[in-house]
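Novice: Top line first, the protein sequences correspond to chains A and B. Per the numbering used here, numbering through the first sequence is continuous, rising by one, with the last residue being 314. Per the numbering used here, numbering through the second sequence is continuous, rising by one, with the last residue being 179.
Quick caveat, the hints were computed from the structure, so don't treat them as lab data. Remember, it's a predicted structure, so these values are computed and weren't measured experimentally. Don't be surprised by glycine CBs; every beta carbon is placed ideally from N, CA and C. One thing to keep in mind: the hints can contain errors.
Straight line, CA to CA, 20 angstroms or less: simulated DMTMM-like cross-link-like pairs of lysine to aspartate or glutamate [as the list claims (entries may be wrong)]:
hint	chain 1	residue 1	chain 2	residue 2
1	A	214	A	233
2	B	167	B	149
3	B	167	A	9
4	B	160	A	14
5	B	160	B	115
6	B	167	B	128
7	A	214	A	245
8	A	214	A	154
9	B	155	B	128
10	A	286	A	300
11	B	167	A	13
12	A	137	A	61
13	B	155	A	23
14	B	167	A	44
15	B	160	A	61
16	B	160	A	8
17	A	137	A	44
18	B	167	A	53
19	B	167	B	115
20	B	160	A	9
21	B	160	A	53
22	A	214	A	246
23	A	286	A	304
24	A	214	A	194
25	B	167	A	14
26	B	167	A	39
27	B	155	A	14
28	B	160	A	44
29	B	160	B	149
30	A	137	A	154
31	B	155	A	9
32	B	155	A	13
33	B	167	A	8
34	A	137	A	105
If you anchor each label on the Cβ, the simulated ranges turn out as follows [unchecked claim]:
hint	chain 1	residue 1	chain 2	residue 2	range
35	A	230	B	127	44 to 52 angstroms
36	B	11	A	302	53 to 61 angstroms
37	B	153	A	196	51 to 59 angstroms
38	B	66	A	292	41 to 49 angstroms
39	B	80	A	30	57 to 65 angstroms
40	B	44	A	119	49 to 57 angstroms
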Amino acid sequence: MTARSDMDERLLEEAMAWHVALESDDADWDGYTLWLEADPRHREAFDVVALTDRLVGEHRDDLRLLTAAPPPQVRRGGRRQMLFGGVAAALALAIGIPALMPKGDTVYATGAGETRRIALGNGAAIDLAPASRLVVKEGDENDLELAGGEAYFDVRHDPARALTIHAQGYAVSDIGTRFAMNLAGPALLVSVAEGHVAVGSAGNSPANLAAGQKLVARGDEGTMRISRIAANDVGSWRQGRLVYDDAPLSVVAADIARYSGKAVVLDPAIRARRFSGVLSVGDGSKLLADLAAVMALRYDVQGDRIRVSAGASR
Amino acid sequence: MAPDDAHGLETLYRTYRADLLRFLTARTGDAGDAEDILQELWIRARQPGGAPIANGRAYLYRMAQNLVVDRLREQHRRMRRDRRWSDERTDFAANTDEAVDVGADAEAAILHREETALIASAIGNLPEGARRAFQMHKIDGLSHAEVAERLGISKSGVEKHMAVAMKYLRRALLDWGGG
Numbered sequence: 001m002t003a004r005s006d007m008d009e010r011l012l013e014e015a016m017a018w019h020v021a022l023e024s025d026d027a028d029w030d031g032y033t034l035w036l037e038a039d040p041r042h043r044e045a046f047d048v049v050a051l052t053d054r055l056v057g058e059h060r061d062d063l064r065l066l067t068a069a070p071p072p073q074v075r076r077g078g079r080r081q082m083l084f085g086g087v088a089a090a091l092a093l094a095i096g097i098p099a100l101m102p103k104g105d106t107v108y109a110t111g112a113g114e115t116r117r118i119a120l121g122n123g124a125a126i127d128l129a130p131a132s133r134l135v136v137k138e139g140d141e142n143d144l145e146l147a148g149g150e151a152y153f154d155v156r157h158d159p160a161r162a163l164t165i166h167a168q169g170y171a172v173s174d175i176g177t178r179f180a181m182n183l184a185g186p187a188l189l190v191s192v193a194e195g196h197v198a199v200g201s202a203g204n205s206p207a208n209l210a211a212g213q214k215l216v217a218r219g220d221e222g223t224m225r226i227s228r229i230a231a232n233d234v235g236s237w238r239q240g241r242l243v244y245d246d247a248p249l250s251v252v253a254a255d256i257a258r259y260s261g262k263a264v265v266l267d268p269a270i271r272a273r274r275f276s277g278v279l280s281v282g283d284g285s286k287l288l289a290d291l292a293a294v295m296a297l298r299y300d301v302q303g304d305r306i307r308v309s310a311g312a313s314r
Numbered sequence: 001m002a003p004d005d006a007h008g009l010e011t012l013y014r015t016y017r018a019d020l021l022r023f024l025t026a027r028t029g030d031a032g033d034a035e036d037i038l039q040e041l042w043i044r045a046r047q048p049g050g051a052p053i054a055n056g057r058a059y060l061y062r063m064a065q066n067l068v069v070d071r072l073r074e075q076h077r078r079m080r081r082d083r084r085w086s087d088e089r090t091d092f093a094a095n096t097d098e099a100v101d102v103g104a105d106a107e108a109a110i111l112h113r114e115e116t117a118l119i120a121s122a123i124g125n126l127p128e129g130a131r132r133a134f135q136m137h138k139i140d141g142l143s144h145a146e147v148a149e150r151l152g153i154s155k156s157g158v159e160k161h162m163a164v165a166m167k168y169l170r171r172a173l174l175d176w177g178g179g
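Construct the complete structure from the given sequences, taking the supplied hints into account.
Specialist: And the structure:
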């Protein structure tokens, strides 16, 4: 379609003007039809505008995350920065786009391979893992949202208030404890190192988790599964280790994507496989090689994406 | 929906059928597609709560427009899915349809994430002015006037930035090389 690549900006401007005008209740649909009939390129220009609008609309929340810049006063902690530093960040190229959130929300975001410690005024200390995002809603430090990635919470006990963290339709509440949350694809993982937390969702009575317990909630399936976890392994990424116990490969892949900054695509044939073991984060670049060696997987790096499939039979 | 409403809707549809068909033909560039979409529009409009009678004409046009974009979106999704696996088809020949179905949710989630990354990098690669205008308008939801004010440029300057952004994004996101 070489003709298409010559689409000029004037046509796109016209198409965008119509796109805006058609939102009005008394839009001139007849005039619009005439415009379309006048030149077949008008239809193509409108397709570009409408489809781009749809695509961006479907991904708007995620795009806010990826295009959100860390605030200029962001402190790059020395040791932590060394731990994950130097990771090529495919997604980081988008960083630098100013974050303009609805008024009052404060957004903390990290890029691939970057971590950040956040101290809130209410006594909660939060470690944000790479490619993650935490929102303080409308200035209320007791009402947080984990909008992407993973975070470790260390919350001082205060009988006067309860902290709630929303994530993917679930609400995690606690009064004083240490725990970790990880959003991995359709799954939310909550693991507790100390104290208790309650994990609720609309229409369900909350599940109570104690220290040494881990919950995997799948919003798409409406399931919650509780298993055991060693307290030491909760938020172990902070010590540069990723610990898995019978974890779906999709969860492992989501973590590796955050640390390596590359999209990790699993062959459908291996998605049901599970992994138990420990991966050392290092600079993020060896994670997949280590996983592949242990699980006899094959992977091909193609620019910003890595395809993972079952081990080569050849 | 009350029977009166259904009757009113039918009248509405009869009245505007020819107009809608003309519009859809111009919009899709294909008389057959236009008929298909009109059929689908009619089925949807008849569902309870499908269409209000007040200002029904504009409503039917808007519905028709949305159905066209739904089709574009589906075409785009299919194109991406095909392209994604085509170069490794031999490796995955052992996959049955059943196996793919089992992972359909997971695949959708991964496709969604990949698409997010693709769009984010396409936006990141826009020329500076176009990128800022696009980000403010399309992602942060500011109006053209608000974007103009923040960037200290005229409204038509914003429109020009947006046109440049569309031109780049079209190449990065939408070039499926087919009709």
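Novice: Now look at each hint and say whether the structure bears it out.
Specialist: Okay, the hints, checked on the actual structure:
no. : hint                               : verdict
1   : A:214 to A:233                     : holds (10 angstroms)
2   : B:167 to B:149                     : violated (23 angstroms)
3   : B:167 to A:9                       : holds (7 angstroms)
4   : B:160 to A:14                      : holds (10 angstroms)
5   : B:160 to B:115                     : violated (26 angstroms)
6   : B:167 to B:128                     : holds (14 angstroms)
7   : A:214 to A:245                     : holds (10 angstroms)
8   : A:214 to A:154                     : holds (16 angstroms)
9   : B:155 to B:128                     : holds (17 angstroms)
10  : A:286 to A:300                     : holds (14 angstroms)
11  : B:167 to A:13                      : holds (10 angstroms)
12  : A:137 to A:61                      : holds (15 angstroms)
13  : B:155 to A:23                      : holds (18 angstroms)
14  : B:167 to A:44                      : holds (12 angstroms)
15  : B:160 to A:61                      : violated (25 angstroms)
16  : B:160 to A:8                       : holds (11 angstroms)
17  : A:137 to A:44                      : violated (41 angstroms)
18  : B:167 to A:53                      : holds (13 angstroms)
19  : B:167 to B:115                     : holds (18 angstroms)
20  : B:160 to A:9                       : holds (8 angstroms)
21  : B:160 to A:53                      : holds (16 angstroms)
22  : A:214 to A:246                     : holds (12 angstroms)
23  : A:286 to A:304                     : holds (15 angstroms)
24  : A:214 to A:194                     : holds (12 angstroms)
25  : B:167 to A:14                      : holds (13 angstroms)
26  : B:167 to A:39                      : holds (18 angstroms)
27  : B:155 to A:14                      : holds (14 angstroms)
28  : B:160 to A:44                      : holds (18 angstroms)
29  : B:160 to B:149                     : holds (15 angstroms)
30  : A:137 to A:154                     : holds (19 angstroms)
31  : B:155 to A:9                       : holds (16 angstroms)
32  : B:155 to A:13                      : holds (12 angstroms)
33  : B:167 to A:8                       : holds (8 angstroms)
34  : A:137 to A:105                     : holds (5 angstroms)
35  : A:230 to B:127: 44 to 52 angstroms : holds (51 angstroms)
36  : B:11 to A:302: 53 to 61 angstroms  : holds (57 angstroms)
37  : B:153 to A:196: 51 to 59 angstroms : holds (54 angstroms)
38  : B:66 to A:292: 41 to 49 angstroms  : holds (44 angstroms)
39  : B:80 to A:30: 57 to 65 angstroms   : violated (35 angstroms)
40  : B:44 to A:119: 49 to 57 angstroms  : holds (52 angstroms)
Consistency note: the structure conflicts with the earlier hints numbered 2, 5, 15, 17, 39.
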